[in-house]
Amino acid sequence: MLWVLRRIGISIALAWLVATIVFMTLHMVPGDPAELLLSTGGTMPDPAAVAELRERLGLERPLLEQYGAFLSGLTRGDLGVSLIDEYPVLEEIALRLPRTLELILAGTLLSVVVALPAGTYAALHRGGAFDRIASGLAALLLAVPVFVVGTLLILVLAQMLRIMPAGGYVALADDPLRHLTLLAMPALAIAKGLSAVLFRMTRASVLDSLSRDYVRTARAKGLTARRVLVHHVVRNALTPVLTVLGLHMGTLLGGTVLVEYVFNWPGLSTPLLRAVEARDYPMVVGIVLTISGLFLLINLIMDLLYAALDPRIRAA
Amino acid sequence: MKRLLIPGTLVALILLAALAAPLLGLPDPVRQDIAHRLAGPMEGSPLGRDEFGRDVFSRLIWGARTSLGVAFASALIAGVIGTAFGLIGGWFRGLGELLTVRSMDVILCFPPVLLALLVVTLMGPGAGTLILVLSVLYLPGFARVTYAEVLSARSHDYVEAVRALGAPAPRILLRTVLPNVAGPVLVQLSLAVASAVVLESGLSFLGLGVVPPAPSWGLMIRGARATMEQAPMLLFWPCAVLTLTILAMNLLCDALRDAVDPRTGGTRSRLRARDRLLPGLLPAAKPAPDTVLAVRGLTVEIDTPRGPIRPVQDVSFDVRAGETLAIVGESGSGKSVTTTALMGLLPSVARIAAGEAWLGGTELLRLPEEGMRRLRGGAMSMVFQDPMSSLNPVHRTGDQVAEAILAHRPISRAEAWRQAEALFRRVGIADPERRMRAFPHEMSGGMKQRVMIAMALANRPKLLICDEPTTALDVTVQAQILDLLAELRRDTGTAIIFITHSLGVVAEIADRVAVMYAGQIVEQGSVAEVFQAPLHPYTRALLAAVPEGDTPPAGIPGIVPPPHAFPEGCRFAPRCAHARPKCSAGALPLEEAGPGRDVRCARWQELACRSEEVPA
Chain A
1 MLWVLRRIGI SIALAWLVAT IVFMTLHMVP GDPAELLLST GGTMPDPAAV AELRERLGLE
61 RPLLEQYGAF LSGLTRGDLG VSLIDEYPVL EEIALRLPRT LELILAGTLL SVVVALPAGT
121 YAALHRGGAF DRIASGLAAL LLAVPVFVVG TLLILVLAQM LRIMPAGGYV ALADDPLRHL
181 TLLAMPALAI AKGLSAVLFR MTRASVLDSL SRDYVRTARA KGLTARRVLV HHVVRNALTP
241 VLTVLGLHMG TLLGGTVLVE YVFNWPGLST PLLRAVEARD YPMVVGIVLT ISGLFLLINL
301 IMDLLYAALD PRIRAA
Chain B
317 MKRLLIPGTL VALILLAALA APLLGLPDPV RQDIAHRLAG PMEGSPLGRD EFGRDVFSRL
377 IWGARTSLGV AFASALIAGV IGTAFGLIGG WFRGLGELLT VRSMDVILCF PPVLLALLVV
437 TLMGPGAGTL ILVLSVLYLP GFARVTYAEV LSARSHDYVE AVRALGAPAP RILLRTVLPN
497 VAGPVLVQLS LAVASAVVLE SGLSFLGLGV VPPAPSWGLM IRGARATMEQ APMLLFWPCA
557 VLTLTILAMN LLCDALRDAV DPRTGGTRSR LRARDRLLPG LLPAAKPAPD TVLAVRGLTV
617 EIDTPRGPIR PVQDVSFDVR AGETLAIVGE SGSGKSVTTT ALMGLLPSVA RIAAGEAWLG
677 GTELLRLPEE GMRRLRGGAM SMVFQDPMSS LNPVHRTGDQ VAEAILAHRP ISRAEAWRQA
737 EALFRRVGIA DPERRMRAFP HEMSGGMKQR VMIAMALANR PKLLICDEPT TALDVTVQAQ
797 ILDLLAELRR DTGTAIIFIT HSLGVVAEIA DRVAVMYAGQ IVEQGSVAEV FQAPLHPYTR
857 ALLAAVPEGD TPPAGIPGIV PPPHAFPEGC RFAPRCAHAR PKCSAGALPL EEAGPGRDVR
917 CARWQELACR SEEVPA
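Top to bottom, those sequences are chains A and B. First residue of the first sequence: 1, per the numbering used here; consecutive thereafter. First residue of the second sequence: 317, per the numbering used here; consecutive thereafter.
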């Protein structure tokens with residue numbers, strides 16, 4: 001139990017660090033941030049506009065006071081308002097975060113269902129035909145950027161074969177079938193990289209586990225091959241896979257931004273990209289903090305799962 | 317090295333094309349020509365024109381220049397600064413470490429794309445912003461790699477010595493640490509470049525990276541998306557080039573990593589599994605009625621890149637009910653391979669080349685896997701050398717013992733748990749109820765070995781194989797485990813094969829002993845006879861190597877030859893003081909030297925006579 005509390009404490013400390021870094025980024029860039037945000041293509045912005053923006057961002061106040069206000073805002077869930085339309089950032093996020101989460105969950109589920117059995121099978125038949133083909137495929141999938149896969153999926157399935165819609169979103173309540181159809185391609189695009197990573201990790205981890213003494217012991221006990229595989233090989237191989245999966249979520253979350261853009265999925269990335277283009281600083285900060293927080297949360301869950309699977313961690 | 321060749325060449329070609337772009341006489345990649353909008357392949361434009369009538373081939377090559385330029389610039393900046401940070405952090409530790417290495421880890425808390433977008437918001441898109449963001453993103457990787465390398469170098473004696481002599485720190489760092497760091501940093505560099513190409517193209521694709529009209533693969537894909545119905549090839553080319561580049565770089569990274577760090581495997585040649593051989597050629601043995609196990613001519617073969625080796629050759633022995641047979645020999649003599657083969661636990665690269673082994677009426681070496689499984693942990697069971705690694709760390713010890721019972725008998729889990737508890741008590745574990753719920757890491761080494769023994773006894777085996785069960789334990793614990801085994805044998809009448817390299821243990825526990833050398837049994841007989849009057853020079857040398865009273869122990873010159881270099885004839889001849897040319901003339905048989913007494917030596921009779929005249 002103590003271990004769990006300590007791990008949660010670390011996550012909170014990391015969240016604070018992340019928030020601090022995000023806050024500092026605005027002040028670390030050389031020059032006046034307000035001027036920087038308003039300048040486009042080397043033209044000097046209107047001094048009146050700069051002064052107004054400074055006022056709105058509270059840049060006139062002492063740094064420490066700004067920092068305090070920022071942190072206390074965060075704890076109250078106040079992320080400020082958009083510079084463009086004064087819309088509260090938190091409301092925008094609350095509307096769109098569930099859609100992004102759904103996409104991530106679907107992609108992860110798809111990857112796990114495919115990659116864990118495939119990785120295990122490839123490890124058990126190392127050097128065989130399946131292993132070679134699947135390993136080659138994984139290397140290829142890792143090399144194709146996620147937006148290339150997404151674009152090509154649209155080109156082939158939607159434009160040429162016309163069997164899938166090119167993208168978009170319909171709420172689940174309105175039309176469940178349509179909703180799932182629209183979810184399929186972006187989820188597939190997200191799964192492409194993750195399943196390749198998971199496949200490689202599972203394969204390596206099972207191979208490692210197979211050579212362990214306790215697997216020999218399990219066989220020496222006369223357990224059936226199936227029981228040795230499930231209870232001793234795969235059970236022990238899962239823990240390292242979980243950890244690396246958690247670490248890989250960062251790339252996955254970044255990839256989600258691209259996938260949502262390619263397939264017009266109205267998750268967090270639409271307002272994020274719009275805000276980056278319009279230099280809508282509070283909106284960008286809000287969304288970056290949300291996704292980074294999500295990343296920390298996923299890693300926390302992974303670590304707790306790890307502890308549930310491996311008693312040695314709990315003792316440490 | 318061979319694996320480096322193909323991806324290395326490919327990456328070099330791509331780099332060359334990017335570097336030589338201005339020299340190739342290509343059309344201007346940004347000059348628009350609306351008349352030839354979306355034109356197919358035409359003269360001067362082998363891949364056609366894009367949505368603004370710009371030459372696609374030229375944009376691909378110039379795009380490589382942009383993408384790789386950004387990637388290399390950021391990887392190099394991150395490499396130089398990160399390595400410096402790692403050096404400083406590793407050398408000064410304390411505050412220096414906190415500022416240069418630990419602080420970098422915060423960057424890892426952000427999804428990379430998002431950190432990039434945050435900076436782009438502030439600074440606006442462009443190649444400069446990209447290089448800045450990407451170099452920050454890759455800093456921690458370099459800092460960590462270098463830091464780890466410095467820490468390990470610091471502990472080397474010569475670095476300590478140079479430091480003690482007062483050499484200035486920077487010079488030591490550069491002279492001793494940098495050469496060691498070069499490999500891992502190179503790997504890190506290739507990883508960073510590959511990953512930077514992905515990120516750069518991704519951000520450019522979103523319109524937040526390289527600013528148009530500059531050519532970039534990500535921008536080309538972005539542009540081609542709008543016209544993909546009319547001109548799908550426009551989309552295909554940059555996708556293909558980008559994927560090929562990343563694939564080549566990834567493969568190069570893998571190969572580099574394997575070349576730098578041999579532990580990760582890749583360079584290890586893979587051995588091919590082969591099926592077990594045909595039934596043996598030897599006639600069936602006729603074991604004595606009270607013989608539990610009879611092994612005849614057991615030979616194990618392993619295919620290696622240097623050709624097949626035989627780590628165990630022509631091994632024969634009997635174990636009778638209630639008897640303990642010790643197999644002694646140095647490391648590499650084939651003791652463990654012999655017992656592993658009997659248990660049917662050989663790795664897939666090894667196979668039984670010849671021989672048979674009878675456990676009661678069952679021939680083990682050609683038994684199908686299911687039959688073998690029923691015997692393992694049932695009629696014959698095994699205790700391994702290292703109890704620390706032989707128990708599964710994630711299961712409770714009680715469950716692991718109960719599992720062994722359930723694998724062989726159709727009883728309820730509760731009943732199996734009760735029997736496991738009795739076994740725990742049987743092997744002398746105090747407070748079994750509590751210990752059964754413990755995980756292996758919560759137990760001492762001796763306790764874990766008791767659990768292993770409980771597991772092996774779970775189904776009242778006729779034969780118990782103990783593979784150096786005390787080697788990994790403390791001396792006092794060793795004695796306890798030996799006592800336990802002796803007691804169990806008295807009470808249950810189980811036959812035991814006891815593998816050890818310690819003659820002291822043999823004298824204590826065994827009735828009979830088989831001495832193995834280089835994959836063969838060189839002498840066997842009752843412990844009393846063999847110890848009093850050893851017939852083989854190797855046995856004699858082993859006995860002389862045991863420290864006893866005032867006589868200083870005599871070592872045996874040389875080492876056990878590896879299986880691919882076993883000598884012709886007598887395998888001990890190169891190390892034997894009594895060797896004659898005839899010893900190496902041809903393969904030696906195991907000769908019967910008396911009832912239950914065998915020896916494999918060309919001169920055993922001469923030597924036996926001599927030692928009677930001149931007592932050693």
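Hints are computed from structural coordinates only; laboratory data are not their basis. For each residue, glycine too, the CB sits at the ideal point set by N, CA and C. Possibly wrong hints are sitting among the right ones.
[What the hints assert, rightly or not] On the chain B side, residues computed to face chain A include the following (Cβ under 8 Å): (1) Leu430; (2) Val435; (3) Leu438; (4) Ala547; (5) Pro548; (6) Met549; (7) Val557; (8) Leu563; (9) Thr655; (10) Leu662; (11) Val665; (12) Arg667; (13) Trp674; (14) Asn708.
### Query
Checked against the structure, which of the hints given earlier come out wrong?
4, 6, 7, 9, 10, 11, 12, 13
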